[in-house]
Amino acid sequence: MEQFIPLIPLMPLIGFAVLGLAGNNISKLMAAIIGCTAIAVSFVFSLLVFNAQLGTEESVTVTMFNWFEAGSFKVELAFLVDHLTSIFLLIVTGVGLLIHIYSSGYMHDDIAHNRFFTYLNLFIFFMLLLVMGNNYLVMFIGWEGVGLCSYLLIGFWHKVDAYNKAANKAFIMNRIGDLGLLLGIFLLYTKFGTLNFIDIKSHLAEIQVGDPTIVVATLLLFIGAMGKSAQIPLHTWLPDAMAGPTPVSALIHAATMVTAGIYMVVRSNFIYSLAPFTLEFIAIIGLITAFVAATIALFQNDIKKVLAYSTLSQLGYMFLALGVGAYSSGVFHVMTHAFFKALLFLGAGSVIHAMSGEQDLLKMGGLRKKIPLTFITFLIGVLAISGFPFTSGFVSKDEILMSVFYHNKLYFYIAAAVAVITAFYMMRLLMLAFFGTFRGTHEQEHHLHESPASMTMPLVVLAILSMLGGLVQLPHIYGGKPIFEEFLNSIAPTLKHEDASLAMKEWLMLGVTCLGLVVVYFLTKKFYADDKFEGVYTGFKKTLANNYYFDEIYNTLFTKPLNFISQYYNAFDRLVIDGGVDGIGKLVNWGGDKLRYLQTGYTGFYLFAMVLSIAAFLIISLFNLL
Amino acid sequence: MNEIIIVASLGILTLLAEIFNFKKLILPLVVAGLAANIVVGIMEFDLASYYNDADTLRMIESDLYAKCFMMLLSIIALVWVLVNYNFFSDETNQTDHLALILFAIVGGFCMVAYTNFVMLFLGIEILSIPMYVLAGSNKRSLRSNEATLKYFLMGSFATGILLFGITLIYGSIGSFYVYDVRMKTASVDFTITPMFTIGVVMLIAAMAFKVSSAPFHFWAPDVYSGSPTSVTSFMATFVKTAAIAAFMRLFITAFPTAIESYKNVFFILIIASLFIGNIIAVFQTNAKRLLAYSSISHVGFMLLALLCLSEATSLKSLFFYTTAYSFTTLAAFLVLKIVSENASGDDDISVFNGLAQRNPLLAGTMTIALLSMAGIPPLSGFFAKYNMLFMALNHGYLWLVIIAILASLVGVYYYFKIIIAMFTRNSTDSTAIPLSLLQKSLLVLLMLIIITIGWNGWVFNLI
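For the protein sequence lines, the chains are A and B, in the order given.
Under the working numbering, the letters of the first sequence match residues 410 to 1035, in that order.
Under the working numbering, the letters of the second sequence match residues 4 to 466, in that order.
It is worth saying that the hints were derived from the structure and are not from the lab.
Note that this is a predicted model, so its numbers are computed, not measured.
Any given hint could turn out to be false.
[What the hints assert, rightly or not] Calculated lysine-lysine pairs in the DSSO-like style (CA-CA distance at most 30 Å, straight line):
id : chain 1 : residue 1 : chain 2 : residue 2
1  : A       : Lys1003   : B       : Lys420
2  : B       : Lys266    : B       : Lys187
3  : A       : Lys914    : A       : Lys890
4  : A       : Lys951    : A       : Lys934
5  : A       : Lys935    : A       : Lys778
6  : A       : Lys1003   : B       : Lys27
7  : A       : Lys934    : A       : Lys772
8  : A       : Lys995    : B       : Lys420
9  : B       : Lys443    : B       : Lys27
Work out the full structure: start from the sequences and follow the hints.
Right under this line is the structure:
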């Protein structure tokens, strides 16, 4: 099994190299085949590795080479595979493969089709590096690498300037988080003298709970996670990142990259468990993000924007789970979310494809009859994210809510409200897009068509996974067995809440969910399915529709003052720094110009200079001058 | 000792060739002889049977230091003869030139192996007098005549100072034998007298002249640019190596403890060489003058090894520096020679314009050589500078290291002037420059040497 491990990230790297070098010299079909094959092979190896991990609790470390060494500081490029990694391997390569296949259909008419696959393969490589590294530095390489790919893919259609700005925004917001991550890594190194996960873990016995260094380090690491996983206040880049092609939104900005923050916190859970303050902080940030994003999503008219804010909200949910110590629930939600959110994005892509690029919900309507397969799979996605009983989303959310309930009642009520809001805006989306009558142009209506098999096949697979994915973690009372939780137990033990009324609470929640969903269904049907919705908001609704004016506030608070100050720094840079550097150059030139006149060409002068020098030397030496 | 005998015999054989009329054969014979000399040297290199100076009337000793530098000088000499094969094409002067070069080589050998001040003086003179003549070997050129006259006048002046210094040291110690001097100066009851100090400073000044360190460098730019390019490259490589090795040997054998007392003098020599060499080079438009100033700045680096004599790596650093410097300079002069001969003897920097298009191999070799001189990794020049600076840092001269780095930064500027000319400027003459097979293989060989010798440190650890 060990010999397969390095091959997992190697395949997409080879794919990237081949595609990148071949460029447009190979056909689109060929490029798609190469790109998909690389990921497919990785997926097969990931399955083998996962299978081997099922039977053991031992982690496997595979050292590739000594990356660098300075004094006692040594970093190896090594891969660590344990239960957590093997789950992420499956998510990344599995969902990645489906989205690769989907892209071959979705991007088929794009002129830069081959470049797209090049970037996608590179992304998968970095993502695998991120989840496979056995130390923080290798993880950081992957972390930065996926950030780069995200940047490249958001700005993929670089001829539209707004998209480039969105790419820049994503990159810059992430840099802010990455600075925190880097500082956190530095701090961990000064504390432990190593960056290796296992070595750090073995040092922890000496550390007290609440050690200030640990608290600061974990907070800094979490700032990195806030950037990458788009938590408030570093969340503003993710909605704009929808500028990228839809498969990118599905793969990078829903299923994999944005969950890197969750992976990092779970990977470091042994450190986080020593910092209760940080955990509480994470829970609060997660809760705020979940709530704020859900309220924004209520008033979005762009199909991808709704899904983007929904992703923010779900990421908040995951952090809430981590914050209350339910690590395995967080990871489980990462997995189910990867299924249903990828499904929803790909479904939205299929809708956009059918609508000839139109993303505005107000122009859609009545699509359920035109593109039935997309509709059915999309419906399953909506049900899953809304928490329809026994779908994957139900199981994972239920578990998070339970853990939160035992942690803090207030958190629980807010989180439950978020679940209801989620169901509402997803139903709203469904109603606007698929019910009522078609509101687009005549030409669009003429072009409406179901997507090709390469696009619908991944939808079907993901729909099945969204429906049945929860069964691996079904609570006892419904006759299930928490397989997933037990599998992750060796990485992050989950707190057990045993309570006499547990079963009653579960049944109550099931009942409330069902009732809620019915109410939501009728409400949304009433408001949004009759084509009278105009999509114009006033008052507080307008504030929500505009993302609480976060962008405008940041613009006033940070961008404008910085621009103002930078005028003066610019002048300082040009006059003082450039002037200084140029001045030194000019001084040397001037010196060269003047000194060369010493070389007069007269032998007499030369001899005189020699004699003078010898005399000076003698004086210096005899009288010990200087 | 074998080296001296072999090369001196070759020199005499060359003179006989004139008389017995086998001139056509003589150049191949000399090449074979020099190659044989290297083979003999390599075969004997590991033998413990070094010549003891008791066998040579306490004049010459084949210790490891002498052995290493003799090998280096032999290889430089062989490569130089191959590089400048056509320097000997003039029928009338062929044997004279060749004999002078061979005797100069013998002088170089004496300079790196002496154990007696008399032998040091003889070595320097045996090397210098052929150089005075060769500097003027382009008899019809006014500048060549100027070069030879200036070199001779100033060289004899320096020789006078050298003799003066040796005499004063003899006066205060009572011996010409370096190990006697060392024993006397190391003993407890030795006090430094003014006579001894004046003697040492005179010696330093004379040797500084021979290695063309500022402020005794004035002869170098005029002589380098006036002499034929072949002779200049011999001066810049062989003579410079022999002279710095003799300078170093003076202090490791005769007064190893004295260097601390005269370190102020060395500070001045080093800083002046680094700055005058690099700064004046900035404004030069003549490639040979530019390389002359650049060689002055390299001397500043080499002298660091003398200053930090007590460091374990000082000998290694100097040996590696001279090796890297010599081969780099040989390569640069080979390119300059070919290019300037192609431009009917013009050696202005503008002859390099557009060389990359006219002959990529020449431009590539020149680029590698210049980058190595500037100290860009992973070329040997980088490792040479690195070793020197690391040694100085260990010795506690942080400020000197900073000055050296600043000065060599200036160097990057003027080395790149030539590189930019080769790659971005357009030439007035765009015909390709033809190369003979010998020239091509030498260019490739030198390029490989420059690139690789620094990598695993075997040259560094030879000595």
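Structure-based check of all given hints:
Taking the CA atoms of A:Lys1003 and B:Lys420, the gap is about 20 Å. The hint holds against a cut of 30 Å. Distance restraint check for B:Lys266 and B:Lys187: the Cα-Cα separation of roughly 20 Å lies within the 30 Å cut-off, and the hinted pair is therefore satisfied. For the hint pairing A:Lys914 with A:Lys890, the CA-to-CA distance comes to about 18 Å; that is within 30 Å, so the pair holds. Of the supplied pair hints, the one linking A:Lys951 and A:Lys934 holds, its CA atoms being roughly 22 Å apart against a limit of 30 Å.
Note on A:Lys935 and A:Lys778: the hinted pairing holds, with a Cα-Cα distance of about 20 Å set against a maximum of 30 Å. Restraint check: the Cα-Cα separation between A:Lys1003 and B:Lys27 comes to about 50 Å, which exceeds 30 Å; the hinted pair is violated. Of the pairs offered as hints, the one joining A:Lys934 and A:Lys772 holds, with about 17 Å between alpha carbons and a cut-off of 30 Å not exceeded. Distance restraint check for A:Lys995 and B:Lys420: the Cα-Cα separation of roughly 16 Å lies within the 30 Å cut-off, and the hinted pair is therefore satisfied.
Restraint check for B:Lys443 and B:Lys27: the C-alpha separation of about 24 Å stays at or below 30 Å, so the hint holds.
Of the numbered hints listed earlier, the single one contradicted by the structure is hint 6.
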